[in-house]
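Each chain sits in its own coordinate frame; assemble them with the hints.
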Amino acid sequence: MPVIETEKLSKSFSRNEVVSSISLKVEKGEIFGFLGRNGAGKTTFVNMLTGITLPTSGRMLLLNNNNDIDQIKHRVGVLPDYSTFYDHLSAKDHLKYFCKVSGKTATTSKIEEVLRAVGLIGHEKKKVGKFSFGMKKKLGIAQALIHDPELLFLDEPTSGVDAESAIHIQRLILELQKNGKTIFMTSHNLDEVERICTRIAIMKEGHIQSTGTMKELKKKYQTRSRMQVKLSSHIRKEQKENIKNLLFSYSIEWKDSMLLVDVMAEEEIPTIVHALSKEGIDIYAVHVHEPSLQEIFLSQ
Amino acid sequence: MWAICFRECKDLFKGFKPVLIISILLGMAMVSTRLGAAFPDEIEGVTQKEMYTSGLTLTITLFGILFVFALSHSVMNKEIESKTIRFLVTKTSRDRILLGKFMGTVLFWLIIIGTCFAFITLTSRMIHLTNYIEIMIFLLYSISAAFLLSNTVPKSNQSMFIGLILALAIPGLSLWAYFSERWYVMWLKYVTPYYYTDLAFPLQGVPLLFAALFIALSLYLFKRRDF
Ligand SMILES: Nc1ncnc2c1ncn2[C@@H]1O[C@H](COP(=O)(O)OP(=O)(O)OP(=O)(O)O)[C@@H](O)[C@H]1O
Ligand SMILES: [Mg+2]
Chain D
1 MPVIETEKLS KSFSRNEVVS SISLKVEKGE IFGFLGRNGA GKTTFVNMLT
51 GITLPTSGRM LLLNNNNDID QIKHRVGVLP DYSTFYDHLS AKDHLKYFCK
101 VSGKTATTSK IEEVLRAVGL IGHEKKKVGK FSFGMKKKLG IAQALIHDPE
151 LLFLDEPTSG VDAESAIHIQ RLILELQKNG KTIFMTSHNL DEVERICTRI
201 AIMKEGHIQS TGTMKELKKK YQTRSRMQVK LSSHIRKEQK ENIKNLLFSY
251 SIEWKDSMLL VDVMAEEEIP TIVHALSKEG IDIYAVHVHE PSLQEIFLSQ
Chain R
301 MWAICFRECK DLFKGFKPVL IISILLGMAM VSTRLGAAFP DEIEGVTQKE
351 MYTSGLTLTI TLFGILFVFA LSHSVMNKEI ESKTIRFLVT KTSRDRILLG
401 KFMGTVLFWL IIIGTCFAFI TLTSRMIHLT NYIEIMIFLL YSISAAFLLS
451 NTVPKSNQSM FIGLILALAI PGLSLWAYFS ERWYVMWLKY VTPYYYTDLA
501 FPLQGVPLLF AALFIALSLY LFKRRDF
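Taken in order, these protein sequences are the chains called D and R. Take the first sequence: its letter number 191 is residue 191 in this note's numbering, and every next letter is one higher. Convert by adding 300 to the 1-based position in the second sequence; the result is the number in this note's numbering.
Don't read these hints as lab results, they were simulated from the structure. These figures come from a predicted structure and were not determined experimentally. Be aware that a few hints might be false.
To be verified - Pairwise CB distance ranges, derived in the manner of DEER restraints:
| no. | chain 1 | residue 1 | chain 2 | residue 2 | range |
| --- | --- | --- | --- | --- | --- |
| 1 | R | Pro454 | D | Asp162 | 28 to 38 Å |
| 2 | R | Glu350 | D | Tyr82 | 49 to 59 Å |
| 3 | D | Lys25 | R | Val319 | 27 to 37 Å |
| 4 | D | Arg75 | R | Trp487 | 47 to 57 Å |
| 5 | D | Lys130 | R | Ile324 | 33 to 43 Å |
| 6 | R | Gly472 | D | Glu17 | 44 to 54 Å |
| 7 | R | Leu473 | D | Gly122 | 48 to 58 Å |
Every residue gets a Cβ at the ideal spot worked out from N, C-alpha and C, and that includes glycine.
Excised from the complex, chain R in its bound form (with noise of 0.2 Å):
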């Protein structure tokens, strides 16, 4: 599990994909401490510390899923398309090869988040804890859906053009969903994660419970394929 896991991150980690989003989110980041800086009381609602990492967390609210549908649409469905599904399947069980993929993802994560907080840390002189969990619980959330998406669509084109779409559907409706009153739009807020951002502690990780579903719904199909 540990060895598909760690080439799962390595693999991730290649070409210019990571510093690209490294530089977009500490980029963010330091337009929104500028603009903290420029306008130190006139920004309602958010505090001065806020301020540093508010930049990067608004980008990762609005295309963290589009990220990390980027580069994980085919993570399952591209192996089984190329069919090294099969060394791997008659090399260990199926639970460990998507859960050592999935750990993985999480881990790419986790080093990335991190490296862009460390990076605040550094200028702010602040740890940024709960804002960075808050991210995480947002990227579980959407790398869980990266796999369900991979293990829902048999071929690698369709998933990213599928998880393309849903990325940018997905706060969009959200959106309209987290203001409208009409019965059909709103259960929309309570599957995806922006609604419960705002929430106090316990109901903050209500994500994590669709995170756990969508990989249990994975591990499911998975289980049931032939390669």
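Okay, chain D solo, but in the shape it has when bound (with noise of 0.2 Å):
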């Protein structure tokens, strides 16, 4: 079953559709996400589904409630691309406050536990007014937690924290799915999708352009892996000239000791090892680069 769902969801602000008839299926237990240039709709897309913008057009299903979201809001976590805080309210207070607001009590215990899920342990009592960027941001997953939804909207999770908080907040997200919940995030940090993400959809302009696991991506996009192979430093001229007519049928290039090859497949990569034996040219090491998902990205 879906945890979230959604069929020819669309958007116009005055005519302008910046979400386009989006159909999406999402399980319990991923974490999937949503990538895009600036401006390709998707805090626009996770706005609808959150209950903060309402759509133009289209379907949508959060948690097989087909009629009201209103009825499973306490069971969502959401942080917004962007929000304030109550510049006079602590931290604690924002958190007892918003879960009372989803009709639940938080525990010091609670409170305690999600701040320093966030590593925000020790700021509990100060004004938010006086937090930096980062700490709102971190707030605003605290917020997000505070309680205990299944399913998570978190838009840009990760931007604007410093690295190692960053790194945190991936560990935490990973957590979060092994406890059962499902994550649905964007993020502009392609690193940080690869690694943690199950699935993935590239948005770009109001239309989702491909969507799949980052195995699937790579299939569609990679048309050839470019194999790297070391060499011992000393080639004569005429070697070179025997790999070049052995390797006719590839483009091949030679960067002082390093033979770089492009490849369809892996099964290619054998024929390059034996023609270089051939020549009793020693192989220190090989090495298949295969396509990053910026690069999958950029060529969208």
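Spelled out as structure tokens, the structure:
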């Protein structure tokens, strides 16, 4: 059963359609990564699912509740892309209040647990007006977690936080997944998405360009991989000539003691190794460079 | 809903404003009490009992809308401006947010006016229940109007400016309408609460119908917005 399901969900701002008929399914336990350039419509899409913006048309279904998202709001946690807090309240007061708004009561130990999880422990009594940008982002994540939701929407959870905190937050997201929660996140950090997301969608100008696991995306967009072979440094000219003849069907390039070959499939790697050893050239290392999410992303 | 209600009420009690309002109201009540004691026979149409509260009633009649608008003109649009509304709207329904805030504001005024009347009851040794209800009806109208204002005007500095003008214009225009025979002014008295306060029991409640209408309109607008 999908936890998130949208059907032709669209949003226009005064005739300008920024999300166009998106149909998407996210299963329980996934960390779904939503990518796209600035202005692609990611936030608008998330905001429709979380009740911040109203869809122009289409259907959405969260946690199998067909009719009314108001009824499942207490089971959903949201970090919006932008928001401020009540400056005169402390972090603790915020969490207490927001938890009550969602119809639950936060115990002191739960508040501490959540603040520790986001790395804000020790700041619980400080007025939020005095928080830094990154600290507010962490409090934003904390308020999304305080009522123990099953489904989380995190719009750029690690943007604006320091490198160490970003890693901390990524670990937290993985931990939440381990505890059975479903996470839908947007990010501009492709490394992060590649590392933690189980499935990815790339959005462009309001449409979903492609969806799939990292493996599926690679397969789809991988036209060729680049094979790097490190060789002994003394290679004679005629050896190079022979290699060129043996591998005439490949595009090859010499770079110092490195041979660079473009291959289409893994099965071609032995052919190249064979050719080299036939010429009596020692191989020190072989490395096949697969396209990263970044390359796939940029090719869109 | 109750969390939002109590938060709103608590926030209204912050600072010197409630103390100032209570002081003004009690001060005026004291003035009218003294006047009543000094001229026991000379004030026409006002009973001795009413003299205890008439200063307060008059202040609310003239400045009640101003007080309410000053405190609540930005009750909704400020949260929308600062986007804190996003935290609320992702956690509970829009109806509950608006009604919670409304009830919080009503609770604040119930307590403020209640405190004033408790003092007056202590000094006069009389219960002034009808008067309390009359004032609350007037305030309910004002509070609902403030909510409608805050849902119609998107920026809090604009709603403060417009609220200020309205709060001064409504009593003035209503007074004019009350005594005027001209058709284009007369209707005004039927949509503001002043005319109804003098009427007998069921008609006294008409401002509550307006209050309900204002809140229904506010809800309608609030539920159709993007944040
Ligand atoms: N309230 C609004 N009114 C009008 N246009 C809007 C509004 N909100 C967003 N847009 C437009 O919708 C498009 C998508 O915006 P959105 O914020 O969803 O992009 P995004 O993918 O989240 O971008 P980013 O990576 O910068 O966060 C943009 O062109 C933006 O100008
Ligand atoms: Mg965005």
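- Go ahead and decide if the range 28 to 38 Å is satisfied by the Cβ distance of Pro454 (chain R) to Asp162 (chain D). 36 Å, holds
- CB of Glu350 (chain R) to CB of Tyr82 (chain D), is that within 49 to 59 Å? 54 Å, holds
- Does the Cβ-Cβ separation between Lys130 (chain D) and Ile324 (chain R) fall within 33 to 43 Å? 34 Å, holds
- Task: Determine whether the Cβ-Cβ distance between Leu473 (chain R) and Gly122 (chain D) falls within the hinted range of 48 to 58 Å.
- Result: Distance hint for Leu473 (chain R), Gly122 (chain D) holds at roughly 57 Å.
- Task: Determine whether the Cβ-Cβ distance between Gly472 (chain R) and Glu17 (chain D) falls within the hinted range of 44 to 54 Å.
- Result: Once the Cβ atoms are compared, 48 Å apart, the range 44 to 54 Å for Glu17 (chain D) and Gly472 (chain R) holds.
- Message: Between the beta carbons of Arg75 (chain D) and Trp487 (chain R), is the distance compatible with 47 to 57 Å?
- Response: 50 Å, holds
- Cβ separation of Lys25 (chain D) and Val319 (chain R), checked against the hinted range 27 to 37 Å: 57 Å, violated
In summary, the structure is inconsistent with hint 3 from the numbered list given earlier, while agreeing with all the others.
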